[in-house]
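Student: The residues making up each chain are set out below.
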Amino acid sequence: MFDQSTFFQSFIPIIRAMPTTLILTVASIALALTGGIILSLLLTCPLKIIRTIFKIVASFLKGIPILVFLYVFNTSIDGVMAKLYSLFNLTYSNRNTPTLQFAIFALSLSYTPYLADMIISAYNAVPRGQSEACTAFGFTKGQAMLHIIIPQMIVVAIPNFGNHFVNLLKATSLTCMVTIMEMMGTARNFATMNQKFLEAYTACALIYWIVFELFEQFFGFIERRSGRYLQPGALKVRART
Amino acid sequence: MLKSIEVMRQYFPALMSALPATMELLLISVIIALFLGLLLAWGRLGKNKAANVISYVIISFMRGTPMMVQLLLVFILIPLVAYSNGIDTSSMNPSVYAIISFSINEACFFAEIFRSAYMSIDNGQIEAATSLGMGRMQIFRRVILPQGAIAALPNTSNMIIELMKNTSIASVIGVYDILGKAQQLGKNNYGRGQLELYIEAGIIFWILGLIILSITNLIQSHISRCDRKGASIHV
Numbered sequence: 001m002f003d004q005s006t007f008f009q010s011f012i013p014i015i016r017a018m019p020t021t022l023i024l025t026v027a028s029i030a031l032a033l034t035g036g037i038i039l040s041l042l043l044t045c046p047l048k049i050i051r052t053i054f055k056i057v058a059s060f061l062k063g064i065p066i067l068v069f070l071y072v073f074n075t076s077i078d079g080v081m082a083k084l085y086s087l088f089n090l091t092y093s094n095r096n097t098p099t100l101q102f103a104i105f106a107l108s109l110s111y112t113p114y115l116a117d118m119i120i121s122a123y124n125a126v127p128r129g130q131s132e133a134c135t136a137f138g139f140t141k142g143q144a145m146l147h148i149i150i151p152q153m154i155v156v157a158i159p160n161f162g163n164h165f166v167n168l169l170k171a172t173s174l175t176c177m178v179t180i181m182e183m184m185g186t187a188r189n190f191a192t193m194n195q196k197f198l199e200a201y202t203a204c205a206l207i208y209w210i211v212f213e214l215f216e217q218f219f220g221f222i223e224r225r226s227g228r229y230l231q232p233g234a235l236k237v238r239a240r241t
Numbered sequence: 242m243l244k245s246i247e248v249m250r251q252y253f254p255a256l257m258s259a260l261p262a263t264m265e266l267l268l269i270s271v272i273i274a275l276f277l278g279l280l281l282a283w284g285r286l287g288k289n290k291a292a293n294v295i296s297y298v299i300i301s302f303m304r305g306t307p308m309m310v311q312l313l314l315v316f317i318l319i320p321l322v323a324y325s326n327g328i329d330t331s332s333m334n335p336s337v338y339a340i341i342s343f344s345i346n347e348a349c350f351f352a353e354i355f356r357s358a359y360m361s362i363d364n365g366q367i368e369a370a371t372s373l374g375m376g377r378m379q380i381f382r383r384v385i386l387p388q389g390a391i392a393a394l395p396n397t398s399n400m401i402i403e404l405m406k407n408t409s410i411a412s413v414i415g416v417y418d419i420l421g422k423a424q425q426l427g428k429n430n431y432g433r434g435q436l437e438l439y440i441e442a443g444i445i446f447w448i449l450g451l452i453i454l455s456i457t458n459l460i461q462s463h464i465s466r467c468d469r470k471g472a473s474i475h476v
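Top to bottom, those sequences are chains A and B.
If you count by my numbering, then the first sequence holds residues 1 to 241, one letter each, in order.
If you count by my numbering, then the second sequence holds residues 242 to 476, one letter each, in order.
It should be emphasised that the hints constitute simulated quantities derived from the structure, not laboratory data.
Here the structure is a predicted model, which means the values were calculated and not measured.
Some hints could be false.
Computed beta-carbon distance windows for the label pairs [to be verified]:
| no. | chain 1 | residue 1 | chain 2 | residue 2 | range |
| --- | --- | --- | --- | --- | --- |
| 1 | A | 124 | B | 329 | 52 to 60 Å |
| 2 | B | 451 | A | 79 | 23 to 31 Å |
| 3 | A | 217 | B | 432 | 42 to 50 Å |
| 4 | A | 90 | B | 329 | 53 to 61 Å |
| 5 | A | 46 | B | 455 | 24 to 32 Å |
| 6 | B | 329 | A | 52 | 50 to 58 Å |
| 7 | B | 260 | A | 192 | 29 to 37 Å |
Note that beta-carbon positions come from the ideal geometry of N, C-alpha and C, so glycine has one too.
Whole structure, please, built from the sequences with the hints as guidance.
Tutor: Okay, structure coming up:
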């Protein structure tokens, strides 16, 4: 039932596809972080109308499965790219579609509201006295943010960020449904080619597990290191979900 | 734009006909996962070394691998095992595999939540219950469960909504849930109206999530009516 040599063989193509997975993860989390910063600013905007609108938008983005995002983006590639090319009077050929970029957009869009929440909760976790002290010292708002508030926010946000990062790493496996050859897609391909499904999927699961644990340990290390100065029990917002 | 809305309106009943499949996946998985999660949490918290190690490894594996890999593994492994024992699974509904995989996966997340909820209960409560002569099941039912539920419900409902979104992955193995139905309908028309169907499926998922959220808010305010700290949850 379980063919060991195929099992070990299947490691090679899957590990070769690891860079694609990592690129997807890192690019998506970077984009999502940018989007999250913008969204968190909009969610805490003084104007009530804007706040309400973006609250609905955030809840909408949170409520949609990632697979739906991927399908929506994947089916709209041709239309969007053709429009974009015609703006610059170019003709778009659908030979080499930018599926990877669109998958990155889809993944980052689905993680944007979570990261916005993370940023808002990190901002709220910094004691109000800190910014008051900055005002007392004559800091401008930008200076206070840059030198006092943001460094503390980062420490508070790291555990949550690590959670989102590893979740996103797992979510990249869904992109194989839109023909991207990352680890899962390669495993499926290998399995279909050799008709050895169990071996390929087991290998894929093992590699995902190892990568996940490595990142988990890495973020745990950063968390402990960056939080050295914290009193035990203070400012802890660790949630293992 | 008007045409898209017309397409959405036209396919709405067909998509809603797949709603029971999604709800079935979700409800059965959650119910199984609650029991399995309690079992795993008990394994993690108990004094039995072997149970502790086994449940730790299971939880770590389930947290560390994507749901899709788990689903495909279950989808491949169970028929193979059943076949070697002489059971024919070819006529089995694929949603069975989805339910098995989702419930095991969800159980591990529940176990972590239950464990932290248990640890948030003051040990003095359990000692007081023991000194009153309560049995172990009695302590669990009368002391641990009412207080633990308040602590665990917000995270549990978050995980249920997350699972509701993840049931769409079941469409990969050919379960006709909402997304699977949308895919099928789109392919029936050679890809026409595919985008609208996907967006519509997304909107249905969003509304489902909001409904689950409001239900859990009601439950939360009911069970924490004696608890001053218990407030409604925000996602």
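Student: Take a look at whether the Cβ-Cβ distance between residue 329 of chain B and residue 52 of chain A falls inside 50 to 58 Å.
Tutor: holds, 56 Å
Student: Do the beta carbons of residue 46 of chain A and residue 455 of chain B sit within 24 to 32 Å of each other?
Tutor: Distance hint for residue 46 of chain A, residue 455 of chain B holds at roughly 28 Å.
Student: Given the range 42 to 50 Å, decide if the beta-carbon distance of residue 217 of chain A to residue 432 of chain B lies inside it.
Tutor: Given about 44 Å between the Cβ atoms, the range holds.
Student: Does the Cβ distance between residue 260 of chain B and residue 192 of chain A fall inside 29 to 37 Å?
Tutor: Holds: the Cβ-Cβ distance is about 32 Å, inside 29 to 37 Å.
Student: For residue 451 of chain B and residue 79 of chain A, compare the CB-CB distance with the range 23 to 31 Å and indicate the outcome.
Tutor: holds, 30 Å
Student: Does the hinted range 53 to 61 Å hold for residue 90 of chain A and residue 329 of chain B at CB?
Tutor: holds, 57 Å
Student: Confirm or reject the claim that residue 124 of chain A and residue 329 of chain B have a C-beta distance inside 52 to 60 Å.
Tutor: Check passed, 58 Å falls within 52 to 60 Å.
Checked against the numbered hints given earlier, the structure satisfies every one of them.
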